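A.B. asks: From first to last, the protein sequence lines are chains A and B.
Our numbering numbers the first residue of the first sequence as 1 and each following residue consecutively.
Our numbering numbers the first residue of the second sequence as 1 and each following residue consecutively.
Any given hint might turn out to be false.
Same chains, same label: a pair holds when it works inside one copy or across any pair of copies.
[Unchecked claim] Heads up, simulated DSSO-like pairs for lysine-lysine below, C-alpha to C-alpha not over 27 Å straight-line: (1) K71 with K132; (2) K132 with K75; (3) K174 with K112; (4) K71 with K45; (5) K28 with K13; (6) K185 with K22; (7) K206 with K22; (8) K22 with K137; (9) K13 with K112; (10) K13 with K130; (11) K23 with K106; (12) K143 with K185; (13) K173 with K40; (14) K13 with K75; (15) K206 with K139; (16) K112 with K76.
It should be emphasised that the hints constitute simulated quantities derived from the structure, not laboratory data.
None of the values given here were measured: they were computed from a predicted structure.
2 protein chains.
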Amino acid sequence: MYYLIRIAYDGSKFYGFQRLNKKISVQKVIEEALTIINKKKVVVKGAGRTDRGVHALDQCVSFKLDVSLTKEGLKKALNSLVEPYIYVKEVIEVDESFHARFNVVKKQYLYKINLGEYNPLLSDYVYQSKYKLDIEKMKEVAKLYIGVHDFTNFVSGERDNYDCIIYDINFDKKDDLLEIRFIGKSFYRYMVRNLVGMMIEVGRGKDNISKVKEMLENKKINPGYTAPASGLYLEKIEY
Amino acid sequence: MYYLIRIAYDGSKFYGFQRLNKKISVQKVIEEALTIINKKKVVVKGAGRTDRGVHALDQCVSFKLDVSLTKEGLKKALNSLVEPYIYVKEVIEVDESFHARFNVVKKQYLYKINLGEYNPLLSDYVYQSKYKLDIEKMKEVAKLYIGVHDFTNFVSGERDNYDCIIYDINFDKKDDLLEIRFIGKSFYRYMVRNLVGMMIEVGRGKDNISKVKEMLENKKINPGYTAPASGLYLEKIEY
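The whole structure should be built from the sequences, with the hints applied where relevant.
C.D. replies: Okay, structure coming up:
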């Protein structure tokens, strides 16, 4: 049987999603739990990697099991093995052809910025801004990102192609908490954090809009600021 | 110079407030920071202890320094040494006669219960109820607690006197989050967690109100349920 599970996790408790030697990763915890249930080694595929410290409210993971379980039964068995910092929200049966990464239609990331006084209970869950941020200017930067662009200057690591499409970027402010949502097809490594980084640089007045324009047009601009992992949430995946 | 500081901390990162051998405690981190600043050993007094896993939004700590610093200077120096899971919100100069514990006039504790689906990102910050809770019944239990009572059956450890005054208990529900606030003069060890514990037992239908009445009147009743530390916050202290 082939399954897709929708999971949430507290990224501050793991060295990222991907299996990495002996360090505790989300993939490792889930594979070990599934291997116990399956009584035979299970390897999973995630919709995407999240780096160390990055949270997920809706990460998707697919795998094959040799044993047959009801969806409710699998959910319960898995949750008892992966708690407390990972939670399986839903189990879905899929076809053999389904691939958690290649079948993604839309991905949504959320970035949280605390504009108010420092809160030690949110240290791992938001980015604490030391500066006053001009949100209107940040929205102007966001407008530049929307559409298809070559994001070379916002991506970490070597690739053949840096083109990406961003469908929309939304801002939401509740009291001192600024939430920025990025909706796209896929995002490369550090890309959302670098996109937010330049928003912050412009919002605090350290850089201006023209620098962002250049970064989107010229491949030889040095990258700006990488916003910390603590503020980033993989929020939604559509198939 | 004598100082009082108002601090917040993420209790999930410490083995409680009180210094305890080599384990990391809030008191230890603050005393070590103050000893660096003072260039001479500093011992602090807290308004009260919080157990392992219990959070504070406003704990108060008093101490004496031999060096003289401005309030802003001390706040900045301390915060750079105690971050990221402790935060000094305010520094106040006090008289030599001031005592962080004995001078307390009112204390407020907050207990957070998640009534909705499990959230792995809130694992250390709320109590996750597995049961449907009847909030009206919990309010009835709360009414019984208000006033002066002998709380023997709600306190852990031996004492000479178990009398306590609770001024008020307030309920606040936002979506799936239930917040219960306890306002009193002082609370003994595990007391708030045991008070909440019996509210939960009654709210889920496992015990009824008459059991709580008996527990407040008869010293020989076995204690009920101790609600987990994760939901508890020391929220306010008045002098």
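A.B. asks: Checking an output row: K143 and K185, CA cutoff 27 Å. Within, between, both or neither?
C.D. replies: Cα proximity of K143 and K185: one copy only (17 Å, versus 54 Å across).
A.B. asks: Using 27 Å as the alpha-carbon threshold, which applies to K206 and K139: within, between, both, or neither?
C.D. replies: within (16 Å within a copy, 53 Å between copies)
A.B. asks: For the identical chains here, do K132 and K75 meet the 27 Å Cα criterion within one copy, between copies, both, or neither?
C.D. replies: The answer is between: 20 Å across copies meets 27 Å, while 44 Å in one copy does not.
A.B. asks: Indicate which option fits the pair K23, K106 if close means a Cα-Cα distance not exceeding 27 Å: within, between, both or neither.
C.D. replies: neither (30 Å within a copy, 46 Å between copies)
A.B. asks: Quick one: K13 to K75, C-alpha cut-off 27 Å, is that within a copy, between copies, both, or neither?
C.D. replies: within (21 Å within a copy, 29 Å between copies)
A.B. asks: With 27 Å as the alpha-carbon cut-off, assign the pair K22 and K137 to within, between, both or neither.
C.D. replies: neither (44 Å within a copy, 49 Å between copies)
A.B. asks: For the identical chains here, do K71 and K132 meet the 27 Å Cα criterion within one copy, between copies, both, or neither?
C.D. replies: Cα proximity of K71 and K132: across copies only (23 Å, versus 48 Å in one copy).
A.B. asks: If the cutoff is 27 Å on CA atoms, where do K112 and K76 land: within, between, both or neither? Let me know, please.
C.D. replies: between (31 Å within a copy, 25 Å between copies)
A.B. asks: Since the copies are identical, ignore which copy is meant and state whether K174 and K112 lie within 27 Å (CA to CA) inside a copy, between copies, both or neither.
C.D. replies: Answer is both: 11 Å inside a copy and 21 Å across each meet the 27 Å cutoff.
A.B. asks: Give the relationship of K185 and K22 under a CA distance limit of 27 Å: within one copy only, between copies only, both, or neither.
C.D. replies: Cα proximity of K185 and K22: none, with 32 Å in one copy and 50 Å across.
A.B. asks: Classify it for me, K13 with K130: is the Cα-Cα distance of at most 27 Å met within a copy, between copies, both or neither?
C.D. replies: Result: close both inside a copy and across copies, 25 Å intra and 23 Å inter.
A.B. asks: When Cα atoms must be at most 27 Å apart, do K206 and K22 count as within-copy, between-copy, both, or neither?
C.D. replies: neither (41 Å within a copy, 44 Å between copies)
Against the hints set out earlier in the document, violations occur for numbers 6, 7, 8, 11, 13.
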